[in-house]
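Visitor: Chains as they are written, first to last, in this note's numbering: chain A, 1 to 109; chain B, 1 to 109; chain C, 1 to 109.
In case anyone wonders, no lab produced these hints; they're calculated from the structure.
Beta carbons: idealized from backbone N, C-alpha and C, even for Gly.
Careful: at least some of the hints might be erroneous.
What the hints assert, rightly or not - Here are the in silico distance ranges between beta carbons for each label pair: (1) B/Asp10 to A/Asp102: 24 to 32 angstroms; (2) B/Ala22 to C/Ala22: 41 to 49 angstroms; (3) C/Glu58 to B/Glu90: 54 to 62 angstroms.
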Amino acid sequence: MKLLIAIVHDDDVHPLLEELTAKEFRVTKLATTGGFLRSGNTTLLIGVEDEKVDALIEIIRDNCESREQITTSPAPVSGTAGVFVPYPIEIKVGGATIFVVDIEKYIKL
Amino acid sequence: MKLLIAIVHDDDVHPLLEELTAKEFRVTKLATTGGFLRSGNTTLLIGVEDEKVDALIEIIRDNCESREQITTSPAPVSGTAGVFVPYPIEIKVGGATIFVVDIEKYIKL
Amino acid sequence: MKLLIAIVHDDDVHPLLEELTAKEFRVTKLATTGGFLRSGNTTLLIGVEDEKVDALIEIIRDNCESREQITTSPAPVSGTAGVFVPYPIEIKVGGATIFVVDIEKYIKL
Ligand code: NI
Ligand code: NI
Ligand code: NI
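Let the hints inform the model, and build the full structure from the sequences given.
Guide: Structural data, given as structure tokens:
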């Protein structure tokens, strides 16, 4: 038995939890405070049998991997002279950190 | 030294913490968010000497074990014709998940 | 790779996080609820390479170690007869608990 501690972006939590639940993984979601660093992250605890660790990591990868997203450039502050033509910009979203810890004893009461 | 991570039902937290405190276990209570799954649970971190692990698990079992409770059937929505006779129904309450993790180093500053 | 779980006093969190961030440690801050015990504490998760564990513990010690602080005695409740002369008293502040856990696998997505 392993304990997976996954720190994922808030934006990715909802689809990730849906897939994990559909595949019957048991997840506990901890609150991560909006501190001045790492705000916007959620910490998940997932108990998992050894032989399912890789499948679990794949699911997290599919939903949370760091990736580039095309967004539209923000409009300039009003009052700027001239015509504003929005242009696409790339931003980086997602990303996750996973710790896999060995469990000595796992008990379900 | 072991670290016990216990996920217990909110309803069982208060009596459990009272007993753990009385028996001088040191507990840290993490906030578990009200996500769409596992809401209503609390995660506890408990550092414990190897030889007290079994006693600690027994205390959690005594306070949190999944069990049946007799409750009264809810009254039907008003407007239903006839006389309502409440009857007892069994519901399942409690339950806990415990992970026991080995600690390489334990430091108290 | 190790996972350090540090439970520190809220008062010490801000300077600690500033130093950890400046030294490029990656910290996740969990919310610790204001339960009837251990309220006022914050739990930090820090992934760290084996060879940096001691340096990390030293930083936590510098910022969080249990220490005595001189404060002024509180004024007596109003209505007490006589002149109140405040005197210095020592109180204990800070303190931290650190668990070092071995990580089987560490993944950054
Ligand atoms: Ni990020
Ligand atoms: Ni339950
Ligand atoms: Ni304290």
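Visitor: Run the structure past the numbered hints and jot down the numbers of the failing ones, going up.
Guide: Of the numbered hints, all hold.
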